[in-house]
Amino acid sequence: MRWRSRLTDEGDHDEKGIDVTLLFVCLGAAVGAPTRYLTDRFISSRHDSLFPWGTFIVNVVGSLLFGVLVGAATHLRVPVEAMAAGGIGFCGALTTYSTFGYETARLVEGGARLVAVLNVVASLTAGFGAAVLGYALGKIL
Amino acid sequence: MTEPRRHGAQVLAVIAIGGVLGAAGRYGIGLALPTPASGFPWGTFIVNTTGCLLIGILMVFIVDAGSAHRLARPFVGVGILGGYTTFSTYTVEAQSLLASGHPELAFGYLFGTAAAALAAVAIGVTATRALALPPDRRGGPR
Numbered sequence: 001m002r003w004r005s006r007l008t009d010e011g012d013h014d015e016k017g018i019d020v021t022l023l024f025v026c027l028g029a030a031v032g033a034p035t036r037y038l039t040d041r042f043i044s045s046r047h048d049s050l051f052p053w054g055t056f057i058v059n060v061v062g063s064l065l066f067g068v069l070v071g072a073a074t075h076l077r078v079p080v081e082a083m084a085a086g087g088i089g090f091c092g093a094l095t096t097y098s099t100f101g102y103e104t105a106r107l108v109e110g111g112a113r114l115v116a117v118l119n120v121v122a123s124l125t126a127g128f129g130a131a132v133l134g135y136a137l138g139k140i141l
Numbered sequence: 001m002t003e004p005r006r007h008g009a010q011v012l013a014v015i016a017i018g019g020v021l022g023a024a025g026r027y028g029i030g031l032a033l034p035t036p037a038s039g040f041p042w043g044t045f046i047v048n049t050t051g052c053l054l055i056g057i058l059m060v061f062i063v064d065a066g067s068a069h070r071l072a073r074p075f076v077g078v079g080i081l082g083g084y085t086t087f088s089t090y091t092v093e094a095q096s097l098l099a100s101g102h103p104e105l106a107f108g109y110l111f112g113t114a115a116a117a118l119a120a121v122a123i124g125v126t127a128t129r130a131l132a133l134p135p136d137r138r139g140g141p142r
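Chains A and B, in that order, are what the protein sequence lines are.
Our numbering numbers the first residue of the first sequence as 1 and each following residue consecutively.
Our numbering numbers the first residue of the second sequence as 1 and each following residue consecutively.
For reference, chain B alone in the conformation it holds in the complex:
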């Protein structure tokens, strides 16, 4: 294989392996925190918010610090965290809550997850910059 082609194959392979690991983690949390009928889907909520916290932390090391291995972003960011978090389970759970006659829970879950997940990314980025970057670079990437 040529060099770029081998690189592309490596990237796809680590994304697939990372995706499997992340999805297995999500499945495990789903088993540990099963959603009762017409209840708030805490399992998916926790998966998506912790995944967002972790991507905030990871991307400071990859983008701001620039110190990560070239496969770190595809493996951890695209693979593990992408496979771990999910948008489809989230929207289908909200749909199911609405269909079962719980609109307040459906929309509370929809907007509550978005607010918590975006806050989690911001906390991950800000805290990691404060702890891991030298003072002159904490404002973000140049």
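Chain A with its partners taken away, still in its complex shape:
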């Protein structure tokens, strides 16, 4: 992936040796993680269901946005800072695997095996589909 090699190979350090890319990753994550929490609370308060809608939606939306960024970077000059802050930082912290895994385990433990299986199938299908769709949208931007 071009954006990945640009981020990792060049090192992108300033004169003092600080990894500037890391600063942009942190900036994006500082916004992404609280956005995930607020979105989850907003959605959970409106859905009285076992299915973890909050985590599902942040994971699908984050996959779509990151897909758009990577797709756009194939033909536009997306600055490395935008990729770091928006992609790795914001989308990376907006989405989560640990909460997805934990919520699935809780469903299994609580006896809701069907909802657990549904959560895994739906999250993987919709998340992957969103990344494919986002990438295609980014390419025609």
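Hints should not be assumed to be uniformly reliable.
Claimed, not checked - Rough simulated footprint, nothing fancy, chain B against chain A, three-plus residues with beta-carbon under 8 Å:
#, stretch
1, 18 to 29
2, 81 to 94
As the list claims (entries may be wrong) - Footprint (simulated), chain A over chain B, 3 or more residues, beta carbon under 8 Å:
#, stretch
3, 50 to 63
4, 78 to 90
5, 94 to 103
6, 119 to 131
To be clear, the hints were calculated from the coordinates, so they are not data collected in a lab.
Beta carbons are placed, not taken as given, at the ideal position from N, Cα and C, and that holds for glycine.
Please build the complex by placing chain B on the supplied structure of chain A, with the hints as guidance.
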């Protein structure tokens, strides 16, 4: 500020700080384990599976043992582990493998991560209950 409002602000602040720490850790592992073109994304795989192991351990202390500080879950669970693990990088990496003509790797990565991550949560929960909880409470929360 009123008490609940101050509490809400504290929760958001520790989530943001934790998210930054977790994302920085993820970025560091990504630098240490760069994915070769059309190769298996080991960096993200390791981040997501270790993050799932850690949330399994953490949640036993928070939910089952009930002994944690009120900010432990937002700071460590929502912030650090939520910022450390990622779903979007995972799906975009799988998309990229598929687009570059490696469907077996793309779907192997997609399902392999899910299987390993769910096993990691179960191992974290079970092992921590066995080691940290008294025998009568190892079956899980009441």
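Hints, one by one, checked against the model:
{"no.": "1", "hint": "18 to 29", "verdict": "holds (count 6)"}
{"no.": "2", "hint": "81 to 94", "verdict": "holds (count 7)"}
{"no.": "3", "hint": "50 to 63", "verdict": "holds (count 6)"}
{"no.": "4", "hint": "78 to 90", "verdict": "holds (count 12)"}
{"no.": "5", "hint": "94 to 103", "verdict": "holds (count 5)"}
{"no.": "6", "hint": "119 to 131", "verdict": "holds (count 4)"}
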